[in-house]
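K.L.:
Chain by chain, the residues run as shown.
Protein chains: 2
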Amino acid sequence: MRITQFGEFELIDLIRKNLRVSPKVICGIGDDTAVLPYTKDRYLLFTTDMMAQGVHFTARMKSEAVGYKALACNISDIAAMGGVPTFAVVSIGLPKSTKVSSVEGIYRGMQDLAKDFGVSIVGGDTIKSDKVVINVALLGEVEKNYLVTRNGAKPGDRIFVSGPLGGSLKDGRHLMFVPRVAQARFLVRNFKPSAMMDISDGLAGDLNHILKASKVGAKLDEKSIPRYKGSTLSQALTDGEDFELLFTLSEAKAGKLLNWQEKTKQWFFYPIGLITANCKELILPKGFTHF
Amino acid sequence: MRITQFGEFELIDLIRKNLRVSPKVICGIGDDTAVLPYTKDRYLLFTTDMMAQGVHFTARMKSEAVGYKALACNISDIAAMGGVPTFAVVSIGLPKSTKVSSVEGIYRGMQDLAKDFGVSIVGGDTIKSDKVVINVALLGEVEKNYLVTRNGAKPGDRIFVSGPLGGSLKDGRHLMFVPRVAQARFLVRNFKPSAMMDISDGLAGDLNHILKASKVGAKLDEKSIPRYKGSTLSQALTDGEDFELLFTLSEAKAGKLLNWQEKTKQWFFYPIGLITANCKELILPKGFTHF
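The listed protein sequences correspond, in order, to chains L and Z. For what it's worth, the working numbering labels the leading residue of the first sequence as 1, then goes sequentially. For what it's worth, the working numbering labels the leading residue of the second sequence as 1, then goes sequentially.
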């Protein structure tokens, strides 16, 4: 059987089934990052993302933007656990004909972002390959009581996103998004979410990961879903690569967060629906017919 | 300018020059692994290696062997610092036509080795790509007083390797080598080397990294260089992918190690030459004419 007859998630399930992990591992495959033992008060976070030319970016895109995105996706994963990024190693596969200036551009894009987020690039590997391939592996850390995984959503919790969705690939936002570390840290300090992840595959698909992990259902409210300018509801639900945070809050905390936003006139977070008890249920807005 | 007009190490130097690393980093780009803060008594080690089909392996090689090697190279880097491997994340790029059984094979080869070395595979990424690409990022740890870097070799130190060299790519050993963690741990506990690394690019080239980092020279003794069966001296010096340890010991420790080997009739380590004070000097055996 070929992998095309297999979904990405079936493949990941198959791989995961055969892996043995140490009982020391707090959280292995299946969340935004792995969660590992670290200090008395903190966990170590560990994640990786690979991008290939012709699939995730084209030869015409600016090298700086490609490098930026390769690191940004990983920082977004660390944010989704409530943590801060720390150290990265970068592997890069390059065709012989690659210009030195392109390689410099990729690293410049990465380094600019690394500086903004306090990340040190501490190692890597450079190999020959037919097309450009970039892999970043990133470490982060999170206070034990600030860790948020995907499996804590409870019936009655409100569902939130951290910004308008849709059209990210079309308008090029996916190459320049700012990972939501500041927003995630604000949340874990003040309104600790019951579950959180970042939206990379699209709201509808990614919400399903939280529902599956938390064994709950959800009902989304069509009118509340913030759409990026020019995006339809379908696009907001399925385009992906938004890299906004998707999280759930108890009714009490949700109320406090909404009050805080009302009072400060700062609107960072949008309530978009409710967690329900029926784990077979994902009630999407009427206007949405893709699935 | 194209990267072909540039050597791999010039490219790495160029990249390194433009990176800013936190003062917390004990050792960044330029050794077998990065060395990072961890606990009171131990450092965290962090390394990564990428392998591409058509460059590092062919479609005809067994998937298990390819997966095995992808992890083994990384474990070898951790060993070279005196540490033990702990947690890995694995990215894999796959063409659409890849058989599910090949993917299972790659992970089986990796998992078998991971089990032997106490490594947990805790995360990863799976993407589409034109050819198979595998990236492993591996963490490890080392007691602070056991850490060995490349820059501590001193004039008068003896140079050692942990096994016979040459022909690894030709006879397929490079796909099934056993990373020298046990040997490295034996050394750091009992005869702590002044410098150490693993041989991936060939003895002559890799020794130069130790010489450059330690600002010393070396003189190799032709007759002492252990050759793998069927290998010429040139092959032992330049073939690469041996993944043996290359290390230096003070004269006193070298004497003790050789006595210990004599007494126990266990010959794990081969003395092959001397570190000299002249940092411009790498005196290779007479039979060697490649450079």
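The set of hints was computed from the structure by calculation and includes no laboratory data. Treat the hints loosely; a few may be bogus.
Note that identical chains are pooled: a pair holds if it fits in a single copy or bridges any two copies.
Derived pair list, reagent style BS3-like, types lysine-lysine, alpha-carbon separation capped at 25 Å [what the hints assert, rightly or not]:
1. K62 / K17
2. K131 / K96
3. K215 / K253
4. K115 / K17
5. K62 / K256
K.L.:
Determine for every hint whether it applies to the structure shown.
P.N.:
For each hint, the structure was consulted:
no., hint, verdict
1, K62 / K17, "between (39 Å within a copy, 21 Å between copies)"
2, K131 / K96, "both (9 Å within a copy, 16 Å between copies)"
3, K215 / K253, "within (21 Å within a copy, 60 Å between copies)"
4, K115 / K17, "between (38 Å within a copy, 15 Å between copies)"
5, K62 / K256, "neither (42 Å within a copy, 58 Å between copies)"
Hint compliance for this structure: hint 5 is the single one not met.
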